[in-house]
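Listed here are the chains, written in short residue letters.
Protein chains: 2
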Amino acid sequence: MKIALCQLNSIIGKLDYNKDKILKGYRKGVEAGADLVICPELSLVGYPPRDLLEKDEFRNAVMNKTKEIAALTGDTALLFGAITEDNDLIGTNIHNSAILCFNGKVQFVQNKSLIPNYDVFDEMRYFEAAKDVDVFEFKGEKLGISICEDIWNDEDYWYRRRYSEDPVKKLIDKGATILLNISASPYSYGKREERREMLSVLCKKDSIPLAYVCCVGAQTDLIFDGASMCFNPEGELIKLGKTYEEDFIIYDTNNDGQITNRTEGTFEEEVLNSLIFGLREYCTKLNFKDVAIGLSGGMDSALVAYIAVQALGSEHVYVMLMPSKYSSEGSVKDAMKLIENLGISYKNVSIQPAVDKIKELLAPAFNNEFAEITEENLQARVRGVYLMAFSNNYNYLLLATGNKSELAVGYCTLYGDMNGGLAVIADVYKSDVYRLANYINREKEIIPSEIINKKPSAELKPNQTDQDTLPPYNLLDKILRMYLEDNKEFNEITSEIGNEEIVKKVLRMVDRSEFKRNQAPPALRVSRKAFGYGRRFPIVQGWRN
Amino acid sequence: MKIALCQLNSIIGKLDYNKDKILKGYRKGVEAGADLVICPELSLVGYPPRDLLEKDEFRNAVMNKTKEIAALTGDTALLFGAITEDNDLIGTNIHNSAILCFNGKVQFVQNKSLIPNYDVFDEMRYFEAAKDVDVFEFKGEKLGISICEDIWNDEDYWYRRRYSEDPVKKLIDKGATILLNISASPYSYGKREERREMLSVLCKKDSIPLAYVCCVGAQTDLIFDGASMCFNPEGELIKLGKTYEEDFIIYDTNNDGQITNRTEGTFEEEVLNSLIFGLREYCTKLNFKDVAIGLSGGMDSALVAYIAVQALGSEHVYVMLMPSKYSSEGSVKDAMKLIENLGISYKNVSIQPAVDKIKELLAPAFNNEFAEITEENLQARVRGVYLMAFSNNYNYLLLATGNKSELAVGYCTLYGDMNGGLAVIADVYKSDVYRLANYINREKEIIPSEIINKKPSAELKPNQTDQDTLPPYNLLDKILRMYLEDNKEFNEITSEIGNEEIVKKVLRMVDRSEFKRNQAPPALRVSRKAFGYGRRFPIVQGWRN
Numbered sequence: 001m002k003i004a005l006c007q008l009n010s011i012i013g014k015l016d017y018n019k020d021k022i023l024k025g026y027r028k029g030v031e032a033g034a035d036l037v038i039c040p041e042l043s044l045v046g047y048p049p050r051d052l053l054e055k056d057e058f059r060n061a062v063m064n065k066t067k068e069i070a071a072l073t074g075d076t077a078l079l080f081g082a083i084t085e086d087n088d089l090i091g092t093n094i095h096n097s098a099i100l101c102f103n104g105k106v107q108f109v110q111n112k113s114l115i116p117n118y119d120v121f122d123e124m125r126y127f128e129a130a131k132d133v134d135v136f137e138f139k140g141e142k143l144g145i146s147i148c149e150d151i152w153n154d155e156d157y158w159y160r161r162r163y164s165e166d167p168v169k170k171l172i173d174k175g176a177t178i179l180l181n182i183s184a185s186p187y188s189y190g191k192r193e194e195r196r197e198m199l200s201v202l203c204k205k206d207s208i209p210l211a212y213v214c215c216v217g218a219q220t221d222l223i224f225d226g227a228s229m230c231f232n233p234e235g236e237l238i239k240l241g242k243t244y245e246e247d248f249i250i251y252d253t254n255n256d257g258q259i260t261n262r263t264e265g266t267f268e269e270e271v272l273n274s275l276i277f278g279l280r281e282y283c284t285k286l287n288f289k290d291v292a293i294g295l296s297g298g299m300d301s302a303l304v305a306y307i308a309v310q311a312l313g314s315e316h317v318y319v320m321l322m323p324s325k326y327s328s329e330g331s332v333k334d335a336m337k338l339i340e341n342l343g344i345s346y347k348n349v350s351i352q353p354a355v356d357k358i359k360e361l362l363a364p365a366f367n368n369e370f371a372e373i374t375e376e377n378l379q380a381r382v383r384g385v386y387l388m389a390f391s392n393n394y395n396y397l398l399l400a401t402g403n404k405s406e407l408a409v410g411y412c413t414l415y416g417d418m419n420g421g422l423a424v425i426a427d428v429y430k431s432d433v434y435r436l437a438n439y440i441n442r443e444k445e446i447i448p449s450e451i452i453n454k455k456p457s458a459e460l461k462p463n464q465t466d467q468d469t470l471p472p473y474n475l476l477d478k479i480l481r482m483y484l485e486d487n488k489e490f491n492e493i494t495s496e497i498g499n500e501e502i503v504k505k506v507l508r509m510v511d512r513s514e515f516k517r518n519q520a521p522p523a524l525r526v527s528r529k530a531f532g533y534g535r536r537f538p539i540v541q542g543w544r545n
Numbered sequence: 001m002k003i004a005l006c007q008l009n010s011i012i013g014k015l016d017y018n019k020d021k022i023l024k025g026y027r028k029g030v031e032a033g034a035d036l037v038i039c040p041e042l043s044l045v046g047y048p049p050r051d052l053l054e055k056d057e058f059r060n061a062v063m064n065k066t067k068e069i070a071a072l073t074g075d076t077a078l079l080f081g082a083i084t085e086d087n088d089l090i091g092t093n094i095h096n097s098a099i100l101c102f103n104g105k106v107q108f109v110q111n112k113s114l115i116p117n118y119d120v121f122d123e124m125r126y127f128e129a130a131k132d133v134d135v136f137e138f139k140g141e142k143l144g145i146s147i148c149e150d151i152w153n154d155e156d157y158w159y160r161r162r163y164s165e166d167p168v169k170k171l172i173d174k175g176a177t178i179l180l181n182i183s184a185s186p187y188s189y190g191k192r193e194e195r196r197e198m199l200s201v202l203c204k205k206d207s208i209p210l211a212y213v214c215c216v217g218a219q220t221d222l223i224f225d226g227a228s229m230c231f232n233p234e235g236e237l238i239k240l241g242k243t244y245e246e247d248f249i250i251y252d253t254n255n256d257g258q259i260t261n262r263t264e265g266t267f268e269e270e271v272l273n274s275l276i277f278g279l280r281e282y283c284t285k286l287n288f289k290d291v292a293i294g295l296s297g298g299m300d301s302a303l304v305a306y307i308a309v310q311a312l313g314s315e316h317v318y319v320m321l322m323p324s325k326y327s328s329e330g331s332v333k334d335a336m337k338l339i340e341n342l343g344i345s346y347k348n349v350s351i352q353p354a355v356d357k358i359k360e361l362l363a364p365a366f367n368n369e370f371a372e373i374t375e376e377n378l379q380a381r382v383r384g385v386y387l388m389a390f391s392n393n394y395n396y397l398l399l400a401t402g403n404k405s406e407l408a409v410g411y412c413t414l415y416g417d418m419n420g421g422l423a424v425i426a427d428v429y430k431s432d433v434y435r436l437a438n439y440i441n442r443e444k445e446i447i448p449s450e451i452i453n454k455k456p457s458a459e460l461k462p463n464q465t466d467q468d469t470l471p472p473y474n475l476l477d478k479i480l481r482m483y484l485e486d487n488k489e490f491n492e493i494t495s496e497i498g499n500e501e502i503v504k505k506v507l508r509m510v511d512r513s514e515f516k517r518n519q520a521p522p523a524l525r526v527s528r529k530a531f532g533y534g535r536r537f538p539i540v541q542g543w544r545n
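Sequence order for the protein chains is A and B. Residues in the first sequence are numbered from 1 upward in steps of one, following my numbering. Residues in the second sequence are numbered from 1 upward in steps of one, following my numbering.
The following block holds chain A by itself, in its conformation from the complex (with noise of 0.2 Å):
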């Protein structure tokens, strides 16, 4: 059988926009001479379209559209990702659905049986399973159809389950003689090579190709990578689909492809280009031409900067230095640096000034007294003013420069340094951040190096560096990984870092944060856990440990 995937970007909710993707791609199938054309989950709706589920105008739309796509099918098959309704007054009624329809109308439906409601993950909110699984025959094949999470619950390869059932088990035991998976599965780093060797195991455990189709295209916080995915009944990868673009690929299952075994790159390599892709995107998707950063000579500034420029182009990034009494003097000379490697525009404006007249105005109602955090926090949210200003004067779109580190710490100022539309970095750990720069650098320096080495410093008093108040970077990160990432606790931690007193600073430090980071802004998500959506602890909590 000739399968095309097609390998789409579609806007959630922009119905008329992603059903156009949807026949375009048909067409191209058509014209390829493919017996089917497979698009990913809710490639019609967009991925996640959350509460707008709950919209019964919504709904029905989406519903009027499967019915427009249907109609304009001939003899070749189109499967893609739409939502059902049943009417039972029992539950939501809504599927996540894949729609299979040819000759006109939609002749089979198959509802997603596994719904994942973990992480960034809420989809029984909206969904209710599928009672049953079936297979399909076309062109004298017996299609298994199944939906992204379906088919990540094969009992042989997971030690633990999240899901009694194993619908592609069930498909198979019925008799499949072909795998369709749509998907729609975020990205973070790792989970590509992971995805191929736990579709390979399982095509060749049973003996039965697959094509497995993803989205691709950045929504909010979450990256989908693209890459779809063919295999043969021997399980090997024939098939590899772009990443962080759209693709279109034609499986001919009776025709073997090439053999390709590398699927994901160096972590650098692919972390950069995730954030490149999800700035681009999120600035296309709203409309934003051009983005402000405010730069302080540091290294997180200079990195957003940096993938600003690939995503945006030079032209369209705009940064202001804000110089005041504590920055160094290689501040504002490494970001002149910078603004010269990357070929960007900048302002300079100092905050001393502005700092001065607000202390002067508000001294007789502090009795002059301004505690050290005071003083602090008011260079950091003079200069959240002064971005803003930037950003609502010329419609710049405000990047967030902050890492993982200091956002899991609260080593940052609410409505000071953690303004902005986007944080770009925010899942990215400032180790993680200097391997970035490294890279970036590997062949001439754009990063300059004064930047990469100097000790890292807020600037906000006298003298001061990061250190003052937090362990070294790789200690530092170490802990939060295994906290935040790996999921491991107190003891587990401090056994491996042997010093309980650090381990417990630094997990009281993230749990007290959580106030900070409920008013961040989305983060773009490289991890297999960023903080935001995926993350939900209770700011008002007395667990300690």
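To be clear, the hints were calculated from the coordinates, so they are not data collected in a lab. Glycine residues also receive a C-beta, built at the ideal position from the N, C-alpha and C atoms. A portion of the hints provided could be inaccurate.
[Stated by the list, open to error] Quick partial rundown of chain A residues pointing at chain B, CB under 7 Å, derived from the structure:
id, residue
1, Asp51
2, Leu53
3, Asn117
4, Val120
5, Ser345
6, Ala363
7, Ala365
8, Ile373
9, Glu489
10, Arg536
11, Gly542
Since chain A is already given, all that's left is putting chain B on it; use the hints.
Using the frame of chain A, we list chain B on its own:
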């Protein structure tokens, strides 16, 4: 049977504290000669614990405390809420459980069957459903134990149901002679009365008594109002717990109490009490003694100041007046009158010199051109900087004063007037803000009538009023209520309002402000649908109707 209901206020995650509360309640019950003492859903854990449940150490600690509690029980039985685990390696392996213990041991565990996963509830993220329910024979009665949502699915009461199972019906079919429900059910106006009605119908239908114990307390944005209820087999409410405080109730199923019909006060009473309670709880549980508020002379900040005084006492409320050149003369005068009426201390610091200084500093970078939005937001943000300095300098919790109407349409400034640790009235529409103010003044003028009667204005440019940009609040709120609370849609709202243009404009403003609300502080929830955790829309999306 003599049942003691302990209406407890747990702190999420503070296990020793919660354990002590449960045991104190138990001993009180024993002293009162109760056969059985019952405590709310997850009373050992605090509700909602969210991702704390994903921590092994936390779960193990809960299960150890459960055993410790059980070990201290004698003849009198104790029923309380905790978690239990199964070990089948499928799913989360965690249950939301009712633990029945006596004579030093856990004697019976009933897991929750119906796992709510809508609005503010995410329980399917954590909990597996009970495999079955059973009655437990104790002192000649058959106890039918259920947990919160379990009792909200009566086929005869609901036209549409969320679940196909009805665990309470099963318990009755299995011969239950007394129903016990342990709950954690967040307040919204009208819910208490709905609950009474629903439970009354259920008891009457099966001629069975019910003891329903609910927690009390606020957990960040969610307010649990108490009002535990006991019904006789005629469906009459014969015991009603206190609202907004802990309570201890004895219900003897063999001796009727006093029949109560009224469970809920007026909208004004209940909402005010909820907000006062919610704010007090947030401060108490986070150890804040004092709050800071920016007082504009307008209606919203006046209401928040009143609520703060009620919650914490006038000596703990610190307000700041921050006039600009656009502040009307009345603004400061009216604010002063309110300050006097409330007996609170204040500071008055003009923002004008700071705004002028910042404009002067930015002017060269902006070619001396300031957009209107830049100027307006700049004022709001300088106020935000002042207030955060006030907060930082004295460890005051800053309260955000925005109402639901302006948060809905984005008529507020990010990092400006949206600043705060808690948004006290962000779930109250502007027209309801006036209702509350008039109620507060019912006996004597506390909120100056000048504040109530003046035209709402942001005072960010000359002679500005809110109605330059927005429809009249009565109309706006009508549209918003239909859109947000009643989940009505464009066509329905238009046909009711009769003005397509206005409806379209309002709904688009709501949809476009998602990015602002995404960074808003938690809002005390008093309606069926509040912004925040219970309403989840994508920031990047293209749905327009």
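| Any of the earlier hints contradicted here, and which numbers? | Structure breaks hints 2, 4, 5 and 6.
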